[in-house]
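> Using the sequences and the hints given, assemble the complete structure.
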Amino acid sequence: MGAENLIKLFKIRGGVHPDDRKQLSAGQAIEALPMPPLLHIPLQQHIGAPAEPLVRRGELVKKGQRLARSQGAISAPVHAPTSGRIMGVGGYPAHHPSGLSVRTITLKPDGKDEWTDRLDPVYAPFSLAAEEIAQRVADAGIVGMGGATFPSAVKLNLRKRYALHTLVINGAECEPYLTCDDRLMREKPAEILEGVRLMARALGVARILVAIEDNKPQAQAAMRDAAKPFAEVSIVGLPTRYPMGSEKHLVQTLIGKETPARGLTADMGVVVHNVATAMAVHDALYLGRPLISRVMTVTGGAIRQPRNLHVPLGTPLSHLIDFCGGFKEEPAQLISGGPMMGQPLPSTRVPAVKGSNGLLALTAGESESAEEMPCIRCASCVQACPCGLVPLEMAAHIRAGGLDNSVKLGLLDCIACGSCSYACPSHIPLVHYFNFAKGELAARQRSQHKQGETKRLAEARSERMEAIKRAKREAMMKRKKEMEAKKRAQEEAKAAPEASDKPTADSGVEA
Amino acid sequence: MIEEQPVAGPYTHARTSISRTMGLVLLALLPATLYSLYLFGWPAIFLFGTTVLAALVFEAGSLRLAGKRVRPFLLDGSALLTGWLLAMTLPPWAPWWIGLVGAFLAIVIGKQVFGGIGQNLFNPAMVARVALLISFPLEMTLFNAPVPLFSAQAPGFLDSLAITFGQSNQLDAVSSATTLGHLKTELGRGVTLDTASGGVESLWQLTLGEASGSLGETSALLLLLGGLFLIYKRIITWHIPLAMLGSLALLATIFHLIDPQSYVGPLTHLLSGAAILGAFFIATDLVTSPVSIRGQLLFGAGVGLLVYAIRTWAGYPEGVAFAVMLMNACTPLIDHYLKPRIYGRDRKGEPLNYADERGEA
Numbered sequence: 013m014g015a016e017n018l019i020k021l022f023k024i025r026g027g028v029h030p031d032d033r034k035q036l037s038a039g040q041a042i043e044a045l046p047m048p049p050l051l052h053i054p055l056q057q058h059i060g061a062p063a064e065p066l067v068r069r070g071e072l073v074k075k076g077q078r079l080a081r082s083q084g085a086i087s088a089p090v091h092a093p094t095s096g097r098i099m100g101v102g103g104y105p106a107h108h109p110s111g112l113s114v115r116t117i118t119l120k121p122d123g124k125d126e127w128t129d130r131l132d133p134v135y136a137p138f139s140l141a142a143e144e145i146a147q148r149v150a151d152a153g154i155v156g157m158g159g160a161t162f163p164s165a166v167k168l169n170l171r172k173r174y175a176l177h178t179l180v181i182n183g184a185e186c187e188p189y190l191t192c193d194d195r196l197m198r199e200k201p202a203e204i205l206e207g208v209r210l211m212a213r214a215l216g217v218a219r220i221l222v223a224i225e226d227n228k229p230q231a232q233a234a235m236r237d238a239a240k241p242f243a244e245v246s247i248v249g250l251p252t253r254y255p256m257g258s259e260k261h262l263v264q265t266l267i268g269k270e271t272p273a274r275g276l277t278a279d280m281g282v283v284v285h286n287v288a289t290a291m292a293v294h295d296a297l298y299l300g301r302p303l304i305s306r307v308m309t310v311t312g313g314a315i316r317q318p319r320n321l322h323v324p325l326g327t328p329l330s331h332l333i334d335f336c337g338g339f340k341e342e343p344a345q346l347i348s349g350g351p352m353m354g355q356p357l358p359s360t361r362v363p364a365v366k367g368s369n370g371l372l373a374l375t376a377g378e379s380e381s382a383e384e385m386p387c388i389r390c391a392s393c394v395q396a397c398p399c400g401l402v403p404l405e406m407a408a409h410i411r412a413g414g415l416d417n418s419v420k421l422g423l424l425d426c427i428a429c430g431s432c433s434y435a436c437p438s439h440i441p442l443v444h445y446f447n448f449a450k451g452e453l454a455a456r457q458r459s460q461h462k463q464g465e466t467k468r469l470a471e472a473r474s475e476r477m478e479a480i481k482r483a484k485r486e487a488m489m490k491r492k493k494e495m496e497a498k499k500r501a502q503e504e505a506k507a508a509p510e511a512s513d514k515p516t517a518d519s520g521v522e523a
Numbered sequence: 008m009i010e011e012q013p014v015a016g017p018y019t020h021a022r023t024s025i026s027r028t029m030g031l032v033l034l035a036l037l038p039a040t041l042y043s044l045y046l047f048g049w050p051a052i053f054l055f056g057t058t059v060l061a062a063l064v065f066e067a068g069s070l071r072l073a074g075k076r077v078r079p080f081l082l083d084g085s086a087l088l089t090g091w092l093l094a095m096t097l098p099p100w101a102p103w104w105i106g107l108v109g110a111f112l113a114i115v116i117g118k119q120v121f122g123g124i125g126q127n128l129f130n131p132a133m134v135a136r137v138a139l140l141i142s143f144p145l146e147m148t149l150f151n152a153p154v155p156l157f158s159a160q161a162p163g164f165l166d167s168l169a170i171t172f173g174q175s176n177q178l179d180a181v182s183s184a185t186t187l188g189h190l191k192t193e194l195g196r197g198v199t200l201d202t203a204s205g206g207v208e209s210l211w212q213l214t215l216g217e218a219s220g221s222l223g224e225t226s227a228l229l230l231l232l233g234g235l236f237l238i239y240k241r242i243i244t245w246h247i248p249l250a251m252l253g254s255l256a257l258l259a260t261i262f263h264l265i266d267p268q269s270y271v272g273p274l275t276h277l278l279s280g281a282a283i284l285g286a287f288f289i290a291t292d293l294v295t296s297p298v299s300i301r302g303q304l305l306f307g308a309g310v311g312l313l314v315y316a317i318r319t320w321a322g323y324p325e326g327v328a329f330a331v332m333l334m335n336a337c338t339p340l341i342d343h344y345l346k347p348r349i350y351g352r353d354r355k356g357e358p359l360n361y362a363d364e365r366g367e368a
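In the order they appear, the protein sequences are chains A and B.
In terms of our numbering, the first sequence is residues 13 to 523.
In terms of our numbering, the second sequence is residues 8 to 368.
Rather than coming from a laboratory, the hints here were simulated on the basis of the structure.
Note that CB positions come from ideal geometry on N, CA and C, so glycine has one too.
Hints are supplied without guarantee of correctness; some may be wrong.
Here chain A is said to cover these stretches of chain B; the calculated rule only asks that three of the stretch's residues, wherever they fall, bring their Cβ under 8 angstroms from a Cβ of chain A [said to hold, decoys possible]:
| # | stretch |
| --- | --- |
| 1 | 21 to 30 |
| 2 | 51 to 62 |
Subject to a maximum C-alpha distance of 35 angstroms in a straight line, what follows is the list of computed DSBU-like cross-link-like pairs (lysine-lysine) [unchecked claim]:
| # | chain 1 | residue 1 | chain 2 | residue 2 |
| --- | --- | --- | --- | --- |
| 3 | B | Lys355 | A | Lys506 |
| 4 | A | Lys420 | A | Lys462 |
| 5 | A | Lys23 | B | Lys240 |
| 6 | A | Lys269 | B | Lys240 |
| 7 | A | Lys484 | B | Lys355 |
See the structure below:
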């Protein structure tokens, strides 16, 4: 089902072909999820600084009203997904494997779903300046919706520092199971393209490539149809191979160049955004609507009726599962995102957030998990790695405590795509080793930083104390000299009868 | 429902396992093995059975001694494969204790002493073969021409029992040098290749395996098919076999062209002895060969070179086992120096730099 591409594609190394199991939910049109009784809206649903709350307990808010403002250069505001009353701003389990409590605004919907009257739609958004588009994207709280959740406006502002020429829209959706981007492209191609073209305008680029894997022919066709009027937009069919949706590998496939280590695709003049992000940009500019909901795929062998849902942010995941008919059987794994790079979820209480693209309830049979066996050096992981690493050696070093050696072998170049673990016949959880090592390194860096800071502060303090002592000593010397001068003056004055005999009281205090 | 200690993804997995990998290798060996057992008859079957069984028993015993769980490791198929491969490299009518001692050397000394599966530096079957060859040169170099099962010359069941397990001088009656052994002896005496070739099997016979030689290494054709099956199934890649056979053939061609009367031609080199078995099943041993593509090419070429050098200039007529072991010793070094290029970096590990190009643009 290869699409006829107008551009030449380049090969990437490695990768795997997991069973995509998209058929479970690919046929399900996007449905709106009914409003849950309570929404839990975390203040941090993005990479960067958490948002600062602007509302208090008991306050009534309208749909789309800003609940918390962006804090700093890399941050994003949070808006109300519906109208209702703020029940509190406090701790709630995070949408994260740890399930730790994070600052969350709890909103009780009033059922009216009334929009705030302060929406500011633009009728001709293409007349806006690039800065204005980026600003509106920032104000709408839009972040990368493929899962990375990096604030989109920051990426739109890359034109200031890089010579950009191409915007790539990532519709690869290479993770198995997930179909939310597929459905969005099939159902809203025109809106997505408007968003895409607005982003291209903000970036100041003339070339747009919308890249979609060949396992989504309907999405390709819908997008191709919608893109006909726009000469600058090309819809590109990608070979189906994981991790084709990895930003760096997607760009390599399209332009044939690797992103430099530690660099950005912008180094090569390319910026990548996700299709769902483009949709959100469309809504923000044409409708003035901030990011308050998103499309999620709820699927997996343990879900009774897999679906694609339009979910208000902050909805507890249990509500999604109930809407899909609950569990057919007890799931062995509950995952946020796809099965390759998704994160295990601590419970179904946690809320849907901006970066949630899927909720998977997998049965034991689906995950093909098996007991870990020793490495037989079969090099399956070496062949599968899209980054040219030797996972088996890195894991061996980490296992033996050799963190530095694993870094020398390229640990920090690992994108944690999971291809190595997927292919390992011994079922060694390689990514687990790498995540552990990355965590240890981060902890070590933090403690080094702390030690450095402590040392710096201690040195600064002793310097300060030294300076104070020195100043005191100098002051004393000065006084002494003054006193001596005075004494001499007095002695000289004694000779003179009209001399003043005022005592030197302050010098006594000084001693 | 939720695990206490979450494990990082992926939460899906290819349908692979060690036992599947080993199973496919065994499957690839099966046709050549069955044909060889047919060609060499009951004594070969007894020797094969003894070797494989002993390998399994030694594996189980070692695992028990090491305090490891016996079942999962015994069922992974690696000991079965080691015993199987070892049996394939023994003279078909060798006495039972050759198989037994060989299995001990392979499993206990070659593998478990290093720490079990995945830990050994040298190919266990080759460790055993080389140790046997040095320790028991007589038994390990007494080959016989094929006498297919149920053929007129084939020994009966009881006679065969005597050949393998008892005292029998039947072997002397049918003993016959291998092609490489014969050529080596003749060339060593100063006989020209043309004359020496008179007494050996045709290339066609070598291809089919109707030649004297080790138990399972004779049928080049069936071994080649098995090897291609493994490449098709992606258990091994083509790099090691092609590099090994390529360098062997290249050297043989060059020297044969220089002096056709003293140097054996490339086809004879490829089709005789353990060249094909070694290229697809022994040099490609996952544990003891390099992991990177470039490393595998170097490794394979090294094996081919050493095989040729040993066959041509050293004291032994065949050198696959020695060559593989010598290159096994180089594997850690090869893996250290020949790594794949990391994404976004040049070969030296420095980040790629497009600054120059951007300057032009």
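> Decide, hint by hint, whether the structure agrees.
Okay, the hints, checked on the actual structure:
1. 21 to 30: Contact hint for the stretch 21 to 30 of chain B vs chain A: holds, 7 residues under 8 angstroms.
2. 51 to 62: violated (count 0)
3. B:Lys355 to A:Lys506: violated, 88 angstroms
4. A:Lys420 to A:Lys462: The hint holds at about 24 angstroms.
5. A:Lys23 to B:Lys240: Satisfied, since the Cα-Cα distance of roughly 22 angstroms is no more than 35 angstroms.
6. A:Lys269 to B:Lys240: Since the Cα atoms of Lys269 of chain A and Lys240 of chain B sit roughly 31 angstroms apart, the hinted pair holds (cutoff 35 angstroms).
7. A:Lys484 to B:Lys355: violated, 58 angstroms
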